[in-house]
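Fit chains B, C, D and E to the supplied structure of chain A, relying on the hints for placement.
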Amino acid sequence: MSLALDLALCALILGVALATVAGSGLFRAIVFFIVYGLLVAVGWVRLGAIDVALAEAAIGAGLTGVLLLAAHGRLRRLGTARDASHGAHLLSALAGAALAAALAWAWFVLPLPERPGPELAAAMPRAGVENPVTAVLLNFRAWDTLLESIVLLAALIGLWMLTRERDWSGRLGLPQHSRAGGVLASFGRVLPPVGLLIGVWLVWAGADRHGGAFQGGTVLAAVGLVAAMAGLVRPPRIGARLWHVALMIGPAVFVLAGLAGAILAGEFLTLPPPIAKPAILTIEIALTASIAATLAFLVLGPPEEGRAP
Amino acid sequence: MTGLTVFALTGAALVGLGFYGLLAARHLLRRVVAFNLIGSGLFLFFGAAGARGVGPDPVPQALIITGIVVALSATALAVGLVVVHARAAGHAVLPEEPEEPEEPKDEGAT
Amino acid sequence: MNALVAVLALPLLGALAAVALPPRAGVRAALLATALTVAATIWLLLAVARRGVQGVILGGWEPPLGIGLAADGLGAAFIAMSAAVMGGVALAARQMMAPDVVGARAAFGFWPLMLLLWAALNAVFVSRDLFNLYVGLELLSLAAVALVAIGGKEAALAAAMRYMIFALAGSLLYLAGVVLAYAAHGTLDIGLLAARDAAPSDGLALALMTAGLLAKTAIFPFHVWLPPAHAGAPAPASALLSGLVPKASFLIILRLWFEAMPDRAGFAALMLLAGLGAGAVIWGSLQAMAQARLKMIVAYSTVAQLGYLLLVFPIAGGDGAAQPWAAGAWTGAMFQVLSHALAKAAMFLSAGLYLAAVGSDRLGDLRGLARTMPMTAFAFALAAVTLMGLPPSGGFTAKYLMMTAAFAAGQWYWALVMALGGLLAAAYLYRPMAVLFARESLIAPRPVTRAAQAVPLVLAGASILLGVFSAPPFEFMQIGRPDAAEEGL
Amino acid sequence: MADLATIALTAAGLFFFVAGTVGLIRFPDTFTRLHALTKADNLGLGFIALGIALQAETWAQVARLGLIWALALLAAGAMAQLVARTALEREDAE
Amino acid sequence: MTLWLTFVALGVLASLAGALWRVWRGPREADRMMAAQLVGTGGVGLLVVLAPLQDWAALDVALVLALLAALAAVGFVKARSDDGAGDPEEAPPTPEMMRPRQTRHDPRGRHG
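Protein sequences appear in the order of chains A, B, C, D and E.
If you read the first sequence in the working numbering, its first letter stands for residue 84, the second for the next number, and so on.
If you read the second sequence in the working numbering, its first letter stands for residue 159, the second for the next number, and so on.
If you read the third sequence in the working numbering, its first letter stands for residue -7, the second for the next number, and so on.
If you read the fourth sequence in the working numbering, its first letter stands for residue 7, the second for the next number, and so on.
If you read the fifth sequence in the working numbering, its first letter stands for residue 30, the second for the next number, and so on.
The following block holds chain A by itself, in its conformation from the complex (with noise of 0.2 Å):
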């Protein structure tokens, strides 16, 4: 029965993902990669992989589709949101279908492994934290976590380059507006305090139970996004000193706390064991704080007038 469920739910994902790549229209693509992001986060649940479950659900399902919608409106605005032909068919199908084979293939030749078990066994009295995917992600790889939240900035600062040079001292994105005391308005004013609440939430519980500075964050953002939108904040300009500063500061802390624990206990990003859970606990707020912000501005995207002239 549980089986049952599980291809049930494996054989929606599939047809999904088949209806976002070979049906027409950029739209329906769109709608059905949203739908998409938010049954692979049921499967993850399946997997019983809760911390990444939470993770899909807020980028796959959530800030992906904002990307891929505004875009589509973007493209829409300038009459290049017509679906394009698919091109060299039978190639690309013949490749595609190879790689699955393959990956298909090593999956029933795959050895089961020994894994860094014991080893993980052993150093999680001394990450810090209780829950094992924090404990990697901030401890044993931290290395991978920082580059990542160091992905993200170049991602932005990549994206500000796309802005034209008229546009520099605008704020980020479109000019928002809505009626006032609409349903968009109060929409955007009800929603934040509890999503504010949530990210927070997400953050602390990620410690120990699930979640972490990346979901934490990512719902932070969609906070300031819906606010945003909603018209009841203003995005900052490029430039805004404080925002940059935010932008900043988690991978600031971040490297400064790894050599703090170079010069006191011999290894970059070393966190002795009686201090590690506040420096998790720090780095994961100074963390959550920039990635927020810099998820919020990806998604906004570079600063832009309201109507083309």
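These are calculated hints, taken from the structure and not from any lab test.
Take these hints with a grain of salt, some might be off.
As the list claims (entries may be wrong) - Stretch-level coverage of chain C by chain A, calculated; a stretch enters the list once three of its residues show a Cβ under 8 Å from a Cβ in chain A: (1) 46 to 55; (2) 90 to 100; (3) 185 to 195; (4) 208 to 216; (5) 319 to 329; (6) 387 to 400.
As the list claims (entries may be wrong) - Derived list of chain D stretches under chain E, where covered just means 3 residues or more per stretch with a C-beta under 8 Å from a C-beta of chain E: (7) 23 to 36; (8) 42 to 51; (9) 66 to 79.
Claimed, not checked - If we take Cβ atoms under 7 Å as the criterion, some of the chain D residues that face chain A in the derived model are: (10) A8; (11) L10; (12) Q87.
Quick reminder that beta carbons are idealized off the backbone N, C-alpha and C, glycines included.
Relative to the frame of chain A, chains B, C, D and E by itself:
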């Protein structure tokens, strides 16, 4: 057939489907979507592989979360590029052959 | 504290400071970070030369749980290469990327992107963890794409878009291989992977990772994105993109085939890689001959020069690794990496100076510029000597080592490709040289300061000196190598 | 007893979900579909959440279920209004 | 109980499949978006059912989904407005909007 196999094979199929989309699709936004399909298919495969054996292995989960965030960063930059490219070129497909960049007139003008 | 940590943390901190500080202070912070990172690189070189491989176990967590970094001779030499090119580019960019030249947008973005690119390069050069390499590569790719897009024109945006698609596809193929490697072996550490028993899926994993990395290295036939991207970026960015960025993904291919999975490297696969390399040498050179713009010639030359690197695989890889000639071939390829980086950066910076002087890089508009800008023309000529592989340049040492090894291995055909490549390089570089050194000049150039002209000259000179004094770098690159050469040059 | 109630409530929830979907498929135009949909799936989620709440082990879980339903109600209500307005403004059959 | 809840989960999945048919058919963008909203609510329902079956932490995922489902819809409404940043309630009804269309029925019996 176990649940894990179902998810692993789904992941493999998604990678193939996404790869087809990345190669065959011409509208650039579709290519970005296809890129995301490949990524998440790969992660599903990885997640299933990590859930084998006794107790789930947290390392793949952490790597997948990192991968999801990296994919989002790349998607955001790619989507931005699609839009500005469409604004400059008037279409959202790439020509089959890369054209030569136009002469950067007066790049060094003061 | 450790020199290795310093070369990773300093560019990162510099980039973060450049984001947080107001524009002028940001540039100053970036220049300071550049100077400090160059100093840290020298510190690292000394440490490696004196005490051997410099390792860091990040956070004190040993692999397989944690991530290990190690700067062996090869990694340290690559870090030194990026420090040399970055230092030169930073000096050149003070003028070329000033706000009154390129506008506030590009002037803001260039510095943090340059430093992030540097941090990513150094991170890739020393990482011993396959997934960490993936994150490093993504940082590298995003920063590189952004540096192409900084140009802002339609063609630059199209080039950035194409680059992005190749980079994304390449990353995912690489990641697929990484997933298979972890799923089969439970570790991502290169050293531990080499020690584990072979799994049936290893061949597929290696093939996927290599295919992805080849696309990122712009190896023929995955090279179509490179010339427009490198030619479309501003000159200082082109110097970084062409001189340094492809070397990172190449180094990972090398580590995979020589260190992580050396026994899975079949001879047919090695020959296929070299075949692609030979194709790149010939096709890239022919395309370079057909170009009318200096930057496009230089960019296609990168396609050709990267091809040489793959010729090393059948000569020194697989069963050949144990042979006496392997060390020579392997080190020759590394000389090619280093001398190409220096020469190519010098060429793009020279091209940038010509653009600044006459507002165009069409060959026809560059006539006789050697008379008004002799230093720049001389720098271009020196760099050309290296690319052609003429003595006493670093390019000569590279090709000499690789050709003698090819003959020793009985693979004379690869030596033939190298010789042909040298001739073709002479042919495609003759045209710009003939134009530059022509007697008459058409356009009165805007003046370019001597300080600006000195930067490419120093870089090109370094690429020659690498050949003149080739014994110390040869020995340096043997440090920490599994099959190190018994004797020097 | 709690189990029986859970079964009854979740069955009711499932019924509303299916009804909403049938409405979504069968009703002739955008606005009637919207009408059917918001009512049905809000009720469906409500009944299911109520049914599951009876199985909950802690009050925190019950509170979370309540919050989920409240959020879904809020979002569905607001969005139905806005999407309907957007649909009113333009004919955009692709 | 486990069996029953699995059955309910399967039922919710089946109803999701029905909603997906509407995403495919459209014909309007609003139809697709609304159907996607239903899939969103269904996904939340599915996670709620999975909570006692598998892991109560599934509720956290459901909470995040419920919170962010609205974001996509706001994004749609915004992207669909004239300048990409507006609000459908802002503009007074234009004559074009008032024009009767075939098979249209406004459930609220008014136009704004």
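How the hints compare with the structure:
no., hint, verdict
1, 46 to 55, "holds (count 7)"
2, 90 to 100, "holds (count 5)"
3, 185 to 195, "holds (count 4)"
4, 208 to 216, "violated (count 0)"
5, 319 to 329, "violated (count 0)"
6, 387 to 400, "violated (count 0)"
7, 23 to 36, "holds (count 10)"
8, 42 to 51, "holds (count 5)"
9, 66 to 79, "holds (count 7)"
10, A8, "violated (22 Å)"
11, L10, "violated (20 Å)"
12, Q87, "holds (5 Å)"
Checked against the numbered hints given earlier, this structure breaks hints 4, 5, 6, 10, 11; the rest are met.
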